[in-house]
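Peer 1: Chains as they are written, first to last, in UniProt numbering: chain U, 1 to 249; chain P, 1 to 249.
Because the hints were derived from the structure by calculation, they are not lab data.
One should not assume that every hint holds.
Identical chains blur together in the list; that is why a pair holds if it fits in one copy or across any two.
What the hints assert, rightly or not - Derived BS3-like pairs (lysine-lysine); straight-line CA-CA distance at most 25 angstroms:
(1) K125 x K77
(2) K161 x K3
(3) K33 x K125
(4) K125 x K59
(5) K95 x K224
(6) K133 x K78
(7) K37 x K245
(8) K168 x K95
(9) K40 x K232
There are 2 protein chains.
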Amino acid sequence: MEKVKCTISYDGTDFSGFQSQPKIRTVQGELEKALMKVHKGEHIRIQASGRTDAGVHAKSQTFHFESPYEIPEHNWKKALNTLLPCDIYVHETRKVPSSFHARFDAIEKEYRYYVWNEEGTDVFKRNYFYLFKCPLNMEAIKEACKYFEGKHDFTAFSSAKATVKGSKERILYEVTCNQNGNEIEFIIRGDGFLYNMVRIMVGFLLDVGQGKRNASEVHDLFAKKDRRLVGKTVPPQGLYLWDVKYSLK
Amino acid sequence: MEKVKCTISYDGTDFSGFQSQPKIRTVQGELEKALMKVHKGEHIRIQASGRTDAGVHAKSQTFHFESPYEIPEHNWKKALNTLLPCDIYVHETRKVPSSFHARFDAIEKEYRYYVWNEEGTDVFKRNYFYLFKCPLNMEAIKEACKYFEGKHDFTAFSSAKATVKGSKERILYEVTCNQNGNEIEFIIRGDGFLYNMVRIMVGFLLDVGQGKRNASEVHDLFAKKDRRLVGKTVPPQGLYLWDVKYSLK
Numbered sequence: 001m002e003k004v005k006c007t008i009s010y011d012g013t014d015f016s017g018f019q020s021q022p023k024i025r026t027v028q029g030e031l032e033k034a035l036m037k038v039h040k041g042e043h044i045r046i047q048a049s050g051r052t053d054a055g056v057h058a059k060s061q062t063f064h065f066e067s068p069y070e071i072p073e074h075n076w077k078k079a080l081n082t083l084l085p086c087d088i089y090v091h092e093t094r095k096v097p098s099s100f101h102a103r104f105d106a107i108e109k110e111y112r113y114y115v116w117n118e119e120g121t122d123v124f125k126r127n128y129f130y131l132f133k134c135p136l137n138m139e140a141i142k143e144a145c146k147y148f149e150g151k152h153d154f155t156a157f158s159s160a161k162a163t164v165k166g167s168k169e170r171i172l173y174e175v176t177c178n179q180n181g182n183e184i185e186f187i188i189r190g191d192g193f194l195y196n197m198v199r200i201m202v203g204f205l206l207d208v209g210q211g212k213r214n215a216s217e218v219h220d221l222f223a224k225k226d227r228r229l230v231g232k233t234v235p236p237q238g239l240y241l242w243d244v245k246y247s248l249k
Numbered sequence: 001m002e003k004v005k006c007t008i009s010y011d012g013t014d015f016s017g018f019q020s021q022p023k024i025r026t027v028q029g030e031l032e033k034a035l036m037k038v039h040k041g042e043h044i045r046i047q048a049s050g051r052t053d054a055g056v057h058a059k060s061q062t063f064h065f066e067s068p069y070e071i072p073e074h075n076w077k078k079a080l081n082t083l084l085p086c087d088i089y090v091h092e093t094r095k096v097p098s099s100f101h102a103r104f105d106a107i108e109k110e111y112r113y114y115v116w117n118e119e120g121t122d123v124f125k126r127n128y129f130y131l132f133k134c135p136l137n138m139e140a141i142k143e144a145c146k147y148f149e150g151k152h153d154f155t156a157f158s159s160a161k162a163t164v165k166g167s168k169e170r171i172l173y174e175v176t177c178n179q180n181g182n183e184i185e186f187i188i189r190g191d192g193f194l195y196n197m198v199r200i201m202v203g204f205l206l207d208v209g210q211g212k213r214n215a216s217e218v219h220d221l222f223a224k225k226d227r228r229l230v231g232k233t234v235p236p237q238g239l240y241l242w243d244v245k246y247s248l249k
């Protein structure tokens, strides 16, 4: 058996999320359908670095699969791109040691969240940004971003529905926010993320930008570990899984 | 009766074109459905500056309608945006004299066509650009653009299916092409356009950019008036109706 690591991007708009579900169009479903065609009807299961929700995009998502076929690694890219629908694209296929695991070996993930901050409505942005009309205090947001960096318990900033066992401590290496015209970009890099963590954090940061919350509350919220004390989860269409890093060279 | 002029944008991705068709989702159909709700079931017919094909976008399209209601002009914008789906947005509503006609009074139209020129595939561009992988000679394209400016018979550059009666002479005020990274933008302004004219012209210009055709052929093609001598029509998703100008102040 050969193990192949794939790096893909997808436009999440027309998917009901990443994970396979019967009779529903998902990213995993489409990937496994393409692999099944290559393998003449045999079901090949993929393992991704993690799931994404309905409407969430990926600029760079990673998964692996095992195949009985010996195919030059670059040909996997060609074969899959020929078979996949146009909202998924395979950027790279590489043979990896059998010990590699796309989920367990990931050492860092980067998410980005895009807000379009304008009073009107740009119909071309609606699936790719959170359209947000209220004026925002960028300095306040930038200050609040710093409070999230480092090792913290993110219970208050993760969905109460989360089923993760064990510690809810995560390390964020970077939480930054930049404005370029009407576009506001949040960059969040960390060693791991809890369910809905980025979307809840960005919701809080937008509250700070409107003067509804204060940057200095963050540490208190970490300590209280209560999701109900933080505001709403921002919508999925602004969120991008941007990169997944491995120690594998 | 009051006449109202509306300026809208729409994302053409999920529409089967502008013009109403039974049981099919069109821009006109959605606009008239919204107007019918405002008018308590009465069918209000709109007149647009022109149609756009399936998949073609509008950054600024214009239409007018007549209403028995006396509503402050800005309230029309609010009412329609509340009732319209999220892929249509009304930017402006203005009361106009009863003599105004969105189609017959248009004195200039601007179209833009966007090409994404990259070897890979960017899944986020596929509905908004023509994804074109071959390298292009921008200088050759820019030179060819100049040949299109001015008054010419565009028969060779319009669909053989066109049903326009009368002259196929049109005046193009501007035909330019700019590159910004992977993005190539064509700007085409004129007093009027024949069916598929922009998409056939851009198809020819991309042939010039690949060295398949020569800029100097344009005058000969104008003279021969034969659509079959020009290459293919580029896909709709790169095309935007960008602006419609009226003499109305």
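Peer 1: Each hint: holds or not?
Peer 2: Hints, one by one, checked against the model:
1. K125 x K77: between (30 angstroms within a copy, 20 angstroms between copies)
2. K161 x K3: neither (34 angstroms within a copy, 53 angstroms between copies)
3. K33 x K125: between (30 angstroms within a copy, 24 angstroms between copies)
4. K125 x K59: Both, since 16 angstroms and 12 angstroms are each at most 25 angstroms.
5. K95 x K224: For K95 and K224, the Cα distance exceeds 25 angstroms both inside one copy (45 angstroms) and across copies (56 angstroms).
6. K133 x K78: Between copies only: 15 angstroms across chains, 42 angstroms inside a chain, cut-off 25 angstroms.
7. K37 x K245: neither (29 angstroms within a copy, 52 angstroms between copies)
8. K168 x K95: neither (33 angstroms within a copy, 59 angstroms between copies)
9. K40 x K232: neither (46 angstroms within a copy, 37 angstroms between copies)
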